[in-house]
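Colleague: Sequence:
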Amino acid sequence: IDDNAAEQAETEQKTQETDQSSTEPKEQIIEKIVEVEYNLDYKDKYLRLLAEQENLKKRLHTEKSSSIEYATKKIVKEFLDPIDNFESALGLAENTTNQDVKNYVIGFEYIKKQLSDVLEHLEVTQISTKVGDTFDPTKHDAIEKVSSDTLPENSIKSVHKSGYMFKNKVLRPAVVTVIKNTTTN
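Note that our numbering has the sequence shown beginning at -8, numbered continuously upward.
Note that these hints are calculated values from the structure, not bench results. Mixed in with the good hints there might be a few duds.
With a straight-line cut-off of 25 Å between C-alpha atoms, the simulated SDA-like cross-links for lysine to any residue are [unchecked claim]:
1) Lys55 to Leu113
2) Lys171 to Pro128
3) Lys68 to Ala133
4) Lys148 to Leu113
5) Lys136 to Thr168
Start from the sequences, fold in the hints, and give me the full structure.
Modeller: The following block contains the structure:
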């Protein structure tokens, strides 16, 4: 009986050890699963924050560019009328016979060139508008319609103010006089 009892005790002890050894790996596996899920959760949060940071950078860059463009546009627009007046004065002075005035005109032409270079650097270009061109309401502002025997209908008779583009958008349309239909006076 003692041998049976000893054998039984030994079998029970082996069973308990097996149960314990089989539960230890299960607990370790569960711990590893929890650890992996924890790491995945943090990795997901990290990636989301990284993406959010990139989106914020892009948005700030876009807003900065828009603000700079708006400010540039506003400042340039303020200079257009004085530039027009400057060009008009040069046009009148070029017709003079006075040599002193002609010398001043040469200097002012140089200043006009500098102004044009600054506008070009700021991506501001003059809209090419000539007498006889077809009126384009997206680039021209008609202040008057007149009849003409020499020019076709809807063409430009005269240019009062030059138009300007800023980065391929109309900053200020050219102010023009347009030929109207002569049959519908």
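Colleague: Lys68 and Ala133: Cα distance at most 25 Å?
Modeller: holds, 19 Å
Colleague: Decide if the proposed pair is consistent with the structure: Lys148 and Leu113, CA atoms, cutoff 25 Å inclusive.
Modeller: Given pair Lys148, Leu113 is violated - Cα atoms ~30 Å apart, limit 25 Å.
Colleague: Would the pair Lys55 and Leu113 pass a check requiring their Cα atoms to be no farther apart than 25 Å?
Modeller: holds, 16 Å
Colleague: Is the straight-line distance between the alpha-carbon of Lys171 and that of Pro128 25 Å or less?
Modeller: Judged against 25 Å, a Cα distance of about 14 Å means the pair holds.
Colleague: Within a Cα-Cα threshold of 25 Å, do Lys136 and Thr168 meet the stated pairing?
Modeller: holds, 6 Å
Of the numbered hints listed earlier, the single one contradicted by the structure is hint 4.
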